[in-house]
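Generate coordinates for the entire structure from the input sequences, incorporating the hints supplied.
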Amino acid sequence: MYKSALIGLLSMLAAMVLPQAAQAEYADVVMNNYSDAAGMRPVVFPHWYHRIRFRCKVCHADLGFKFKAGGNKITMAKIIDGQFCGACHNGEISWSVENCGMCHSGIAGTPTQIHGSTVQRLVAPTYKKLGNK
Amino acid sequence: MKMKQFFLGVVALSVLPVVASQVEAAQPPLKEVKAAKGHVSTANTFNRLLEKSKARNLPPAEDGIHDPDNDNTHVLQPPKIAYDGLPTTPFGNYVDWVKALDTDLLQPRYDRFDPTIEPLIMDLDIVREVKSTVPDVVFPHKPHTQWLHCSNCHPKIFIPQRKANVMNMSGILLGQQCGVCHGKVAFPVTTQSCTKCHSKPKPADWKPPQSETSLKDPWR
Chain W
983 MYKSALIGLL
993 SMLAAMVLPQ
1003 AAQAEYADVV
1013 MNNYSDAAGM
1023 RPVVFPHWYH
1033 RIRFRCKVCH
1043 ADLGFKFKAG
1053 GNKITMAKII
1063 DGQFCGACHN
1073 GEISWSVENC
1083 GMCHSGIAGT
1093 PTQIHGSTVQ
1103 RLVAPTYKKL
1113 GNK
Chain Z
504 MKMKQFFLGV
514 VALSVLPVVA
524 SQVEAAQPPL
534 KEVKAAKGHV
544 STANTFNRLL
554 EKSKARNLPP
564 AEDGIHDPDN
574 DNTHVLQPPK
584 IAYDGLPTTP
594 FGNYVDWVKA
604 LDTDLLQPRY
614 DRFDPTIEPL
624 IMDLDIVREV
634 KSTVPDVVFP
644 HKPHTQWLHC
654 SNCHPKIFIP
664 QRKANVMNMS
674 GILLGQQCGV
684 CHGKVAFPVT
694 TQSCTKCHSK
704 PKPADWKPPQ
714 SETSLKDPWR
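Protein chains in written order, with the working numbering: chain W, 983 to 1115; chain Z, 504 to 723.
Calculated directly from the structure, the hints in this document are not laboratory data.
Only true hints are included.
Straight-line Cα separation of at most 30 Å, DSS-like style, residue types lysine-lysine; simulated pairs:
1) K1048(W) to K645(Z)
2) K1055(W) to K659(Z)
3) K583(Z) to K1050(W)
4) K602(Z) to K1050(W)
5) K666(Z) to K1050(W)
6) K699(Z) to K1050(W)
7) K1060(W) to K659(Z)
8) K1048(W) to K659(Z)
9) K1048(W) to K699(Z)
10) K659(Z) to K1050(W)
11) K583(Z) to K1048(W)
12) K1048(W) to K602(Z)
13) K645(Z) to K1050(W)
14) K666(Z) to K1048(W)
According to the in silico footprint, chain W covers these stretches of chain Z (three or more CB under 8 Å from chain W):
15) 572 to 579
16) 640 to 651
Ideal Cβ placement from N, Cα and C applies to all residues, glycine included.
Written as structure tokens, this is what we have:
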């Protein structure tokens, strides 16, 4: 009883003390290529949830997802057409596209990114791309 | 006993900043008296750029990226529930994904329709000699082919030929070669994870290579 009360108190304190910066899961991808402009919340893709169920190969080899956050130019038209997310999110392998808010769940204005990446952890935030790759 | 000590530690850690701020509020003159002799910048704080300690694996509604005003955010699975029972690491998602696969705790599909299809596993270690003093790199194909397909890396990211791939840590940290995945999705490039790749000790007679300048004029 004493312990649980203290834990509750501590978690309240922690919530007050901790900074409000994003503490999303490592490798969560935010995609905001078109969402903000279309008045939708940006898409958050949880890598961890998907890698528990599928190996990298399924999406990155079979479905042709590039290894680049926001680099696939995914649109709802393509998804409904069965490309990218639509290969599974079609009501057969997973829930279908009418569940807008399941993907479009990000805070408006969040830029396209892969959360927790090395580049994000650099203390000098600006950097130049190397080469043409 | 251990549990109690840990608990006390957590109590002390989380209460300290609160107590400290209250003390500051109660007796402000103490600190100001010391700085009052002249104008001193307030920018000289300790660990100015060090990130604050993070709470791990927060549920979507609290992670700062998902919008808590969106009803669906609260339907999404919190990662902590999913990670229960999986082997841990000190970085990334704090889950050892490769170990989880090896121990059959996870059985992710290799084909999106057929759960019985087995991955094409290649067990070949590639040793990369490193110029600097750190241990040489051993690249194990096995855990990589458990997750990925050959075409994911070859030939676009890595030319499948000995000595054909030039790479360095700066490029990897900025997302090239290994950094296409490591530091983004696969285990991150931190000081805690160096030895995961740099795992083969240098030969006993190994000496660091000298720079051209030193070779030209060792007495400069």
